[in-house]
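Engineer: Using the sequences provided together with the hints, build the complete structure.
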Amino acid sequence: MQAWSQAKMAFTVAVEVEHLPTASIFPTLQQSAAFQRHTLLIPNVNPHATVKSSLKKFIRENLAIADDLQSLTAPLFSLLRDEDSVEDIYGRYCCHADADSPDVHVNEESFAFFARERGQVVKLSDDDRLDQCHIIDECKLQLKRLPQKLSEQGGRIFVETKDGILPILGIQPHTPVSQIKKVLETMTGVRVSQQLLSSVGRVMHDEFLVEDFEGVHAIYEDSVLDLCKSGDTNAEQAHRRMAVQIRIDGGESDFPLVVQGRDSIRSVLQTVEAQTGYAHWQQRVMFSGRALDEKKTISDYFLYPECILEVNVFKSSKAASRIEDCGLQNLAELALDPEGKPMARKLKLVRTLRGIVVGTLTIPVLTTNNIADLRKKIKRSLQPLIERNLSIRSPVKEKKHIDITPRSSPATPNVSMRSPALTNVTVRSPAPTSGNMRSPSKTMSVRALFPHA
1 MQAWSQAKMA FTVAVEVEHL PTASIFPTLQ QSAAFQRHTL LIPNVNPHAT
51 VKSSLKKFIR ENLAIADDLQ SLTAPLFSLL RDEDSVEDIY GRYCCHADAD
101 SPDVHVNEES FAFFARERGQ VVKLSDDDRL DQCHIIDECK LQLKRLPQKL
151 SEQGGRIFVE TKDGILPILG IQPHTPVSQI KKVLETMTGV RVSQQLLSSV
201 GRVMHDEFLV EDFEGVHAIY EDSVLDLCKS GDTNAEQAHR RMAVQIRIDG
251 GESDFPLVVQ GRDSIRSVLQ TVEAQTGYAH WQQRVMFSGR ALDEKKTISD
301 YFLYPECILE VNVFKSSKAA SRIEDCGLQN LAELALDPEG KPMARKLKLV
351 RTLRGIVVGT LTIPVLTTNN IADLRKKIKR SLQPLIERNL SIRSPVKEKK
401 HIDITPRSSP ATPNVSMRSP ALTNVTVRSP APTSGNMRSP SKTMSVRALF
451 PHA
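Counting from 1, one number per residue, gives the positions in the sequence shown under UniProt numbering.
Calculated directly from the structure, the hints in this document are not laboratory data.
Check the hints yourself; a few may be wrong.
What the hints assert, rightly or not - In silico lysine-lysine, DSBU-like type, Cα no more than 30 Å apart, as pairs:
#1 K379 <-> K348
#2 K296 <-> K140
#3 K182 <-> K229
#4 K376 <-> K346
#5 K295 <-> K346
#6 K52 <-> K149
#7 K348 <-> K376
#8 K348 <-> K377
#9 K296 <-> K346
#10 K162 <-> K182
#11 K123 <-> K348
#12 K57 <-> K162
#13 K162 <-> K296
#14 K57 <-> K140
Structural biologist: This is how it looks when you write it as structure tokens:
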């Protein structure tokens, strides 16, 4: 019974995994950043389990990635307080009636409210419980394999050219860059003096060692370096990698992103969507005050390493259009109508129960309400949240057995039965005699039950 209960509470978690580059002698396809991720489904996850005992264990057994090399991040959910205003929540989070994916969740077991902080993620620790981090069914996590340092015995790195990817073995932390270039000259035929070798946008000069590069430019096991030839055109250098900084809404959140010149702007939007949850149609990418066309590539705009790409997000198109129509300056002025009365809103919430999404709920509220008021309304709207087994029907009332055997008691049983022997029975009272006088009611009752007596 306990195993069945745990299976009933289990759910599935989706983990997006960045796949590792593979060696190839063929020209690489121009794939967007969105296709550089694979989705791994982890089924039968216990919501009360820890990250290490459930998620990391599955990844270790199926992808052969050690626990200490796994970096898992999840969408950040904030627990809403009772005094939080509904109007502030409506303006801050996507929860209007027409929202496809509302940000506000309600736990129908505890009636706790969680709001997703778009653009923010939280790094999961080994001892974190999934339900405490509000990881629910079909929640999308991000898995990044932490880099593994090159061993003293030598490891493998990759070098990508305009024609493909080449593997180089036996690279140690103290290997000089000049030695790598000599190996590349043997493999590609490009002279050392013509080679432009870089690590995520940082040029690698001959006198440097592998261990001299740090930060985003550090070289680890299976790192990818970029090789160009002096005189190559901009199109021939489209495979070069560089790190840019993505800034959401003027500093609400920011994170680094490694891109290639052949990546499209649309792929950047899709990567931001995977990181923050904002759909690509809600985003607009700006560089130096200019909006970037999603159909063009990074190389079309001559972006440089460590540059900043501003991403403006349109969170609520209805609220924005309403502000423009009314000429108001902020959402706080929408809390009251022109007569000073509180206005009505419709909030759309996601209903969850033990980690499972059971549906959505649209509920009318006033702008002056808070979370405590909203909790009372939801309790009145929803039935008591108890676990039910719908396969068990309500018990059927059994027919009571009625004993009509004649008894010595003069009392007549209260019987409501239809029988062919009792149909169309007419009972007449006999004329009273001077002899033994019997009760008419008693005689009528007995003869009705036993007509042949």
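Engineer: Now, for every hint given, state plainly whether the structure supports it.
Structural biologist: Checked hints:
1. K379 <-> K348: Given pair K379, K348 holds - Cα atoms ~15 Å apart, limit 30 Å.
2. K296 <-> K140: holds, 28 Å
3. K182 <-> K229: holds, 14 Å
4. K376 <-> K346: It holds: about 16 Å lies between the C-alpha atoms, which stays within 30 Å.
5. K295 <-> K346: Cα-Cα ~37 Å, so violated.
6. K52 <-> K149: holds, 23 Å
7. K348 <-> K376: holds, 16 Å
8. K348 <-> K377: holds, 13 Å
9. K296 <-> K346: Violated, at roughly 39 Å.
10. K162 <-> K182: holds, 18 Å
11. K123 <-> K348: Status holds; Cα separation ~28 Å.
12. K57 <-> K162: violated, 39 Å
13. K162 <-> K296: Within the cut-off at roughly 20 Å; holds.
14. K57 <-> K140: The given pair, whose Cα atoms are some 17 Å apart, holds under the 30 Å limit.
Comparing the model with each numbered hint stated earlier shows that hints 5, 9 and 12 do not hold.
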